[in-house]
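Q: So you can see what is in the structure, the chains are spelled out below.
2 protein chains.
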Amino acid sequence: MSEVLGIGIAGLGTVGAEVARLITERGDQLAERAGRPIKVMAVSARDRTKDRGVDLSGVTWEDDAVALAARDDVDLVCEVIGGSDGTAKDLVEAALEAGKSVVTANKALLAHHGTDLAKRAEANGVALAYEAAVAGGIPIIRALRDGFVADRVQRVTGILNGTCNFILTVMRETGRAFDDVLAEAQALGYAEADPSFDVDGVDAAHKLALLTALCFGREVDFASVHIEGIRRISPVDISFATELGYKIKLLGVAEIDGEGEQAGVSQRVHPCMVPVSAPIAGVEDVFNAVTVDADPVGSGMLQGRGAGAGPTASAVLGDIVDIATGRMAPAFGRPAVALAPAKAAPPSAHVGSFYVRLMVIDKPGVLADITGILRDEHVSMESMIQRGRDPMEMVPLVLVTHEVAESAMQAALAKISDLDVVVEEPAMIRIVEG
Amino acid sequence: MSEVLGIGIAGLGTVGAEVARLITERGDQLAERAGRPIKVMAVSARDRTKDRGVDLSGVTWEDDAVALAARDDVDLVCEVIGGSDGTAKDLVEAALEAGKSVVTANKALLAHHGTDLAKRAEANGVALAYEAAVAGGIPIIRALRDGFVADRVQRVTGILNGTCNFILTVMRETGRAFDDVLAEAQALGYAEADPSFDVDGVDAAHKLALLTALCFGREVDFASVHIEGIRRISPVDISFATELGYKIKLLGVAEIDGEGEQAGVSQRVHPCMVPVSAPIAGVEDVFNAVTVDADPVGSGMLQGRGAGAGPTASAVLGDIVDIATGRMAPAFGRPAVALAPAKAAPPSAHVGSFYVRLMVIDKPGVLADITGILRDEHVSMESMIQRGRDPMEMVPLVLVTHEVAESAMQAALAKISDLDVVVEEPAMIRIVEG
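Keeping their order, the protein sequence lines are chains A and B.
With numbering that gives the first Met the number 0, letter number 365 in the first sequence gets 364, and the count goes up by one each step, no holes.
With numbering that gives the first Met the number 0, letter number 111 in the second sequence gets 110, and the count goes up by one each step, no holes.
Pulled out of the complex, with its shape left as it was, chain A reads as follows:
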């Protein structure tokens, strides 16, 4: 059996501690899979005294995580500190420049600096692996990077944030409001005290930017992701979705949008209505899923746990064993220097169907005003629901459109919301076939 692969772990939160535990307690299994022993040589974390449920005697502690990169006994750095800049970035750069492979679960870091880090890895002949960064328990990076290499991806769609999926699932099952369910998610540990990274869609957007680079061979382009979160989803829209045969999911969607010279990649994270019969509609609670439509493999979906110590550590160790055996792949599936420059599709290029809920004063002529605007903007309607009759009071009016340019829909909505009889900001949710 060949020489030991020495690991330096930066960050001993729940993920780092689980990685250390698995390396320690499943040493024989990992050595068999890797063809060589894997050993934790050094770690770095703030608190040396905390009981993490793993025996770290004999392991060197570094106060400065970046020092792990310089250690002779560390062949591979496992970065599970998190954050797009600061220590995580300094460490990963230092490790790659020192000729050490890096395994990371850090989507924010890669979303902001992925292209540059991939180039550094390749220039130094080492690996930058990040299965754990996108839907941890789901082997989607491996599938896209190594598996579907002969395919042309048309679209990638994902439930990429377990917190949002949990909140939307509970809202639908119970009829409760967003704030109420968010508080439950926080109590259960599914959401942070500051939940904005999750519920505002930023975490999902980080992951989508990485999937986009892999699927379309483009440089990572987080800045172009259109991001809307789930704070504005209301029980009334969930109830209408059910009535119309849809579920509301926070999806990340990336696809080629536009024609010819105008064509680019559109990357969008926003609430969607998906038909209940779509496979992704069945993915509930904290589970994540990624659907890939590609030629010639067709449509497929991978689902599993996206976060948590176990799934994330499992993914980290898959990457570590790959590197231990010499199974190396460029971070984004092809040489980083060969990635095409990012080119965002113009937002006006997007075409889709839309759910719109208006709160209108129930009086004669309202419908004529609204349908007149839709006609003028060439928005064609598939169905309409007016719930209840309550003369001169506020009632919901729900419209579902046929396929139309989003720019036309937005123009119509701007005019509609200016009508005196429309008393709240219209609620608009994009319909996606799943």
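Be careful, since some hints might not be right.
Said to hold, decoys possible - Label pairs and their calculated CB-CB ranges:
no.: 1; chain 1: A; residue 1: Val275; chain 2: B; residue 2: Gly52; range: 48 to 58 angstroms
no.: 2; chain 1: A; residue 1: Thr241; chain 2: B; residue 2: Gly188; range: 51 to 61 angstroms
no.: 3; chain 1: A; residue 1: Asp50; chain 2: B; residue 2: Ala339; range: 30 to 40 angstroms
no.: 4; chain 1: A; residue 1: Asp71; chain 2: B; residue 2: Ala339; range: 32 to 42 angstroms
no.: 5; chain 1: B; residue 1: Gln261; chain 2: A; residue 2: Asp115; range: 52 to 62 angstroms
Honestly, the hints are just simulated from the structure, not real lab data.
As the structure is a computational prediction, the values presented were derived from the model and not from experiment.
In this text, a Cβ means the ideal position worked out from N, Cα and C, and glycines have one as well.
Given chain A, work out where chain B should sit, using these hints.
A: Quick look at chain B alone, frame taken from chain A:
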């Protein structure tokens, strides 16, 4: 860019032709992913004159497929002939012994000779890759072989045959009988003229035997797979399944069964009732899916197209590019010599819940006779449905049991079917949580 990887393709049916087409038409894409050009050097197929929609000018034809293994310009043999023995086996053995890697879609060959072929590959320092052999469009081999390497698999469950899944889906949606829907599947090209490999569960069992070896680190043990097909599934059982909240699926299930010294791997392919809410219950038509329950990754499912030229060729090319880049893994995830000997769990060890439909003469005392037998065999009932009343005529009586040893259930069924009032062979379907 380094030297060309020369491919020899044995078999130019729809899959072989699609592999050749992708290598030819997507040469630049594949070269970028592989880091070197990939080129078809030689092929072997019966009919040289047939138009396969791909330009094979400049490619050498071999009358004898086995001759591909000896060609100096062939570095990798792609075997898509099929069959557990004969030419396919001769070719794969010859290629491995000649130090050439093999990519195959041949589940029958690997189910029967997988351990031996894996040993030959390792002895010669080459790869034996078979992503295309199990649920083609689903990257499950990659996930189990390279991804979940730190995990301990508790159970693997799959919809592994698209023909059966299509037939069961249409039977449920239309209420039609098996023979009728089989004929439709044959007309659509989803089932062979001789459908027995598919509908009797043999094809699914081939695939399950490979998943079992990968998941549990055991030698391939096709002979121990308990196999039942779907010919006996009737519309009445599908209707009762719906009423009880289940769907009937042909599943392959492998798990550790039994305790201590008795423990072994149970491998079963048979119709199952799964709760409609289980992810695998939502996988319909010709789609395949594999669910893995493992520690620490948790429960996950991969679904997609299991067969057809496109998905299968996509998987073949994923393997070819792996080998082109030097990403090598032992066929079953660890050295073939380190695979544990196969050890089947004793059938008596299996415990589960059961759906049983009896056709009984509706007269006083029937229920007492039946429940008496169940009590004597310690089979505890969860629910019972007697549909209709028709004194002295035949009526269905449906029982759903709590968890019980299958041996007890079988003993009870033997006694029950001996009762005069029970007029048909009991229909028994295992209930699986999915």
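Q: Using the beta carbons of Gln261 (chain B) and Asp115 (chain A), state whether their distance is inside 52 to 62 angstroms or not.
A: holds, 56 angstroms
Q: Take a look at whether the Cβ-Cβ distance between Asp71 (chain A) and Ala339 (chain B) falls inside 32 to 42 angstroms.
A: holds, 37 angstroms
Q: Does 30 to 40 angstroms hold as the CB distance between Asp50 (chain A) and Ala339 (chain B), or does it fail?
A: 35 angstroms Cβ-Cβ, so the 30 to 40 angstroms window holds.
Q: Using the C-beta atoms of Thr241 (chain A) and Gly188 (chain B), is the stated range 51 to 61 angstroms upheld?
A: violated, 38 angstroms
Q: Return holds or violated for the Cβ distance of Val275 (chain A) and Gly52 (chain B) against the range 48 to 58 angstroms.
A: violated, 39 angstroms
Hint compliance for this structure: hints 1 and 2 are broken, all remaining hints hold.
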